[in-house]
Amino acid sequence: MIASLLLSLRVTLAALAVVIPAGAALGWWLARARSGWRRTIVDALVVLPMVLPPSVLGYYLLVLFGRHGVVGRVLAEVFGVRLVFTAAGAALAAGVVAFPLMAKGAQAAFARVERELEEVARVHGLSPWRVFREVTLPLAAPGLAVAVTLAALRSLGEFGATLVFAGYAPGATDTAPLEIFMALQTGDDARAGRLVVALTALSVATTVTLGWWTGRETRRGTAP
Amino acid sequence: MTLVVDARATVQGFALRARFTAPPGITAIRGPSASGKTLALRLIAGLLRADAGSLRFDDEVWDAPPGAWRAPERRGVGYAPQHAALWPHRTVRAQLDVIAPGRALDGLEALGVGALMDRFPAGLSGGERQRVALARALLRGPRLLLLDEPWSALDREARTTAAQLVAREVRARGIVALLVTHDTEDVDAVAERVVRAKDGVLSEG
Amino acid sequence: MTRRAPLRCLAPIALLACRREAPRPVTLHISAAISLRAPLEDLARRYEGSHPNHSLRFSFGASGDLATQIARGAPVSLFASAASEPVERLARGTRLEVICTLAGNELVLVRRDASALTDLRWDNLATHRAVERLALGVSPSVPAGVYAERCLTALGALDALRPKIVRGGNVRQVLDLVARGEADAALVYATDVRGRSDVVVVGAAPPPARPAVRYPLAWIAGGPDATEARALGLWLCGPDGRRTFLAHGFTAP
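Protein chains in written order, with the working numbering: chain C, 1 to 224; chain Z, 1 to 205; chain Y, 1 to 253.
By construction, these hints were calculated from the structure, which means they are not laboratory data. Any given hint could be a false lead.
[What the hints assert, rightly or not] These stretches of chain C come out as covered by chain Y in the derived footprint (C-beta under 8 Å, 3 or more residues):
no., stretch
1, 35-46
2, 61-68
3, 164-174
All residues carry an ideal CB built from backbone N, CA and C; glycine is no exception.
So here's chain C without its partners, still in its complex pose:
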């Protein structure tokens, strides 16, 4: 059981390592881009994983990243990288479902930062990167923290797309949600129950930790 939970944590952390910066970047772009066909298309693509049922998403991941998939073929033949039946595949599935939550949450957080505050920093000598670090990021931080929390929880709980795409490979893809399902399937309700309690505790701990951190930053005065 511990192995499952540790795998879930590893998969989630791996997924977040990509989702947080990529989602924040895309969220920032969505918040700042001018409306037009480009923004509409990007927006639709970002939200797509949320719109699709998890098994359908898993299917599309197979089409793209399976052994004979458009990208998977290149990964396997050129880089020797396999995704199905690996923890990397589970992380990909978890990352894909968590990405929209991070991106849209980040978009909302950045949109709330008044442009004028950034502009006045720019005029007074701060490079765009410093403006982002000194002004935008601290002001967007509470909203970003919420986005990260939602992305992390979604990642921890990811099941459908993982099962269809990454498959069931004990030791590699048997995250806690998958193990709960398998335990219920084989009638091992006791084991399922233990995993449920543990996963619930992990989720609550994640929420509380991120909530505490946000509260601390607000009290410290780095958030409005």
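Starting from the known structure of chain C, arrange chains Z and Y on it as the hints suggest.
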């Protein structure tokens, strides 16, 4: 050091056409609301780009489509916007320090910002915020000062003090200053020249 | 005259009772191992043809999963399992009766159609370099997975192959993994690969390790339309059923 403006820009359907020269000293920009005064300041600050024409300062080309462009942070401008635009998440001391690390408030004591250093903008009155914004604009020793109704929330006495301080700094450093204002008394008190703004057209009156 | 009147009143009522009633519609739910899909759908069509008021509904899946569902109260009248363990496990908590063994099957080794695997055989399976992933059914819920593990154990190859084993949720999924290239080889039933050109059959398990694949048919007591279900079960166990299973590549039980 002279600012030479001869540029056109269209922003959200509003057509701006500015044509004037500003030598060292205070040049007032006067006109009714929505005549393009703030837009002109934003253009000069580099917060928006011209569609045609040019914007020069001294021997530097700041904006000349299609290719010439100098980023805002490299123009050496001090900008006090109409509603101060202080960063809510930093103390006065911290935000002044980000812009001009280690720089002391020498010469700016008259603005009375010293007493406000450890306060957050949320705890300041409108007038106090404007004084901080002015200090911020002057702190780096800018070459060009852009002031957008910078003392509208100050009472008569504070306004006079601020205006005199700005005039003194401008004279002492020989810098160019543009002052957008409604107040005719301002204009008479400190401005050496006037640019008129009407329906998006700015020209020397 | 008055004394006979009651009898005469009864006459029309007697007529009513004697009138033949139209047969009421019967729906039978059958849970069956997924490898039995083809022959059972075939048989179902024939049975529905000769019993127009019958409607046969199937749940196909891994026998272990199906047994769990029935134990949890799924309204199923017949259970065709790919092994006896799921039926035995179910019998502990559910009243049932095994009517017969429907058929048998062969466990075969299949592989991807790739040049690196052309020399794959049962005797070099444990050490073949090109076999990076061997797909089996999840154990213990998929009988094909249990049979496969027993077979490999008998060959002394299970420990060597364990790090390469990947799992499918039912035997069809296992086959699909090889077809899709996600696994290099798999152990499935001979009947699963009939007519498929996307995988290559290496061969049936060698005699000392051959598992005895048997399909018991259990009648679940207390299920809906239990009498009709029993009748269907007996028919499936009869000559029509036997002939159909053999025609689909199954062996005699």
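Given coverage of the stretch 35-46 of chain C by chain Y, checked by CB-CB distance under 8 Å (3 or more): Contact hint for the stretch 35-46 of chain C vs chain Y: violated, 0 residues under 8 Å.
Chain Y over the stretch 164-174 of chain C, status - at least 3 residues with CB closer than 8 Å: This one holds; 4 residues, not fewer than the three required, reach chain Y with a Cβ under 8 Å.
Within 8 Å of chain Y (C-beta), three or more residues of the stretch 61-68 of chain C: holds (count 4)
Hint 1 from the list above is the single one not met by this structure.
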